[in-house]
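Asker: What follows is each chain in one-letter form.
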Amino acid sequence: MITEAQRLALAPYCDGCGRPAAVVAHAHCGGATDTPRYCARCGRKLAVQILPTGYTARCVRCP
Amino acid sequence: MILDIAREQVLERGVGLDEAQTLEVLRLGDDHVDAALELAHEVRMRWCGPEVEVEGIVSIKTGGCPEDCHFCSQSGRFETPVRAVRLDIPSLVEAARQTAATGATEFCIVAAVRGPDERLMAQVREGVAAITAAVEINVACSLGILTREQGVELAELGVHRYNHNLETARSHFGHVVTTHTWEERWETLQLVRELGMEVCCGGIIGMGETLAQRAELAAQFAALDPDEVPLNFLDPRPGTPFADLEPVPAQDALRTIAAFRLALPRTILRFAGGRELTLGDLGARQGMVGGINAVIVGNYLTTLGRDPQEDLDLLASLSMPVKELSKTL
Numbered sequence: 001m002i003t004e005a006q007r008l009a010l011a012p013y014c015d016g017c018g019r020p021a022a023v024v025a026h027a028h029c030g031g032a033t034d035t036p037r038y039c040a041r042c043g044r045k046l047a048v049q050i051l052p053t054g055y056t057a058r059c060v061r062c063p
Numbered sequence: 064m065i066l067d068i069a070r071e072q073v074l075e076r077g078v079g080l081d082e083a084q085t086l087e088v089l090r091l092g093d094d095h096v097d098a099a100l101e102l103a104h105e106v107r108m109r110w111c112g113p114e115v116e117v118e119g120i121v122s123i124k125t126g127g128c129p130e131d132c133h134f135c136s137q138s139g140r141f142e143t144p145v146r147a148v149r150l151d152i153p154s155l156v157e158a159a160r161q162t163a164a165t166g167a168t169e170f171c172i173v174a175a176v177r178g179p180d181e182r183l184m185a186q187v188r189e190g191v192a193a194i195t196a197a198v199e200i201n202v203a204c205s206l207g208i209l210t211r212e213q214g215v216e217l218a219e220l221g222v223h224r225y226n227h228n229l230e231t232a233r234s235h236f237g238h239v240v241t242t243h244t245w246e247e248r249w250e251t252l253q254l255v256r257e258l259g260m261e262v263c264c265g266g267i268i269g270m271g272e273t274l275a276q277r278a279e280l281a282a283q284f285a286a287l288d289p290d291e292v293p294l295n296f297l298d299p300r301p302g303t304p305f306a307d308l309e310p311v312p313a314q315d316a317l318r319t320i321a322a323f324r325l326a327l328p329r330t331i332l333r334f335a336g337g338r339e340l341t342l343g344d345l346g347a348r349q350g351m352v353g354g355i356n357a358v359i360v361g362n363y364l365t366t367l368g369r370d371p372q373e374d375l376d377l378l379a380s381l382s383m384p385v386k387e388l389s390k391t392l
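Those protein sequence lines, which keep their order, are chains A and B.
Residues 1 to 63 (my numbering) are what the first sequence spells out, left to right.
Residues 64 to 392 (my numbering) are what the second sequence spells out, left to right.
Extracted from the complex, chain A is given alone in its bound form (with noise of 0.2 Å):
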């Protein structure tokens, strides 16, 4: 079991608007037709391609 803190160390940025992830709500933030939109680690917009039957998000910069 991770901590929060341990958390937002890994993730410090939501992948459904691209904002930190700490500070601030994040409630609204993609839905259930979504599919992460930003980096969690970086914050850069994803490479997304929605397949038929699945999906790839990938960040240009980070592993």
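The hints are simulated quantities; they were obtained by calculation from the structure and are not laboratory data.
Keep in mind that this is a model prediction, so the values were computed, not measured.
Hints may be right or wrong, so weigh each one.
Unchecked claim - Here are some chain B residues pointing at chain A (derived, C-beta under 10 Å): (1) ILE120; (2) GLY337; (3) ALA347; (4) ILE359; (5) THR365; (6) LEU367; (7) GLY368; (8) PRO371.
Even glycine gets a Cβ: it sits at the ideal position worked out from N, Cα and C.
Given chain A, work out where chain B should sit, using these hints.
Answerer: Here is chain B on its own, set in the frame of chain A:
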């Protein structure tokens, strides 16, 4: 009562409701929605049959679009979360394979563009050939406004159907798109028909149009007489000018489905984007027994859809067979 008129005119004679009659259906009270759906289902069964056409779609070029369609998160003019990407050919073929595995007979290649440039045409050329060689499925395209030369090439490639949505009523179009005109879309649709491809032309409900404008759109579809009408419900996307519009209430969506079926008795009327948000599981079932006879299975271009198996299970539970490939050729 409009439903009595529709029973005689549409169900018995196969003549779709005109604009004024469609508006009457759209104005029916909630207590009449079930009756409208029942009649729409009878019309669909009588003039289209019980089969359901299943389709998958994929974006071959996502985002970075120069147009300003106010509903679309792929416009490069708005600050949306969508990053521009292109799909490689092996992944495109795999997407077609996944789609065929669901029992789908249609696979639509979509690009976020005003119209195709040579780079996109080359990608489509290669992609259609690769899919045709590897997967048994009809290939459709949705690449925006076409020149005659591009249309001729797509037809020669074997593209079975071409999608180009009118999106909304002509009288409302300027509130939705300013970078091209409704008439430009209409011209491409006429070209598609002239070149022998099937015409797929849909719209999005819930973009601030009035009920009269919904009826107008239905009448404009009827005048076009497309092979297929995909019916979308607005899923307001962050960053777009329509981000703050409210989703269409479920009863309005169901009333719209019934009205469009009564205006278009013989058309393939497809459940497309936004139904998960607007209708949920119960509404999806009501729509399938309310005039709909085709579905997009799986995911959409920038959002996720239902698990394809859920839709296939729903069709099985309704004793609605999936249309076979041999019957679409």
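Asker: All hints are to be evaluated individually against the structure, with a verdict given for each.
Answerer: Taking the hints in turn, this is what the structure says about them:
1. The interface hint given for B/ILE120 holds, since its Cβ lies 7 Å from the closest Cβ of chain A, which is under the 10 Å cut-off.
2. Interface restraint check for B/GLY337: the shortest CB-CB distance to chain A comes to about 9 Å, inside 10 Å, so the restraint holds.
3. Restraint check, B/ALA347 versus chain A: the minimum CB separation of about 13 Å is more than 10 Å; hint violated.
4. With a least beta-carbon distance of about 9 Å to chain A, the hint placing B/ILE359 at the interface is held under the 10 Å criterion.
5. Interface restraint check for B/THR365: the shortest CB-CB distance to chain A comes to about 6 Å, inside 10 Å, so the restraint holds.
6. Interface restraint check: B/LEU367 against chain A, minimum CB-CB distance 5 Å, threshold 10 Å, status holds.
7. Checking B/GLY368 against chain A: minimum C-beta separation of about 7 Å stays under 10 Å; hint holds.
8. Given hint, B/PRO371 at the interface with chain A, holds; its Cβ is 6 Å from that chain's nearest Cβ, closer than 10 Å.
When held up to the earlier numbered hints, the structure conflicts with hint 3 and nothing else.
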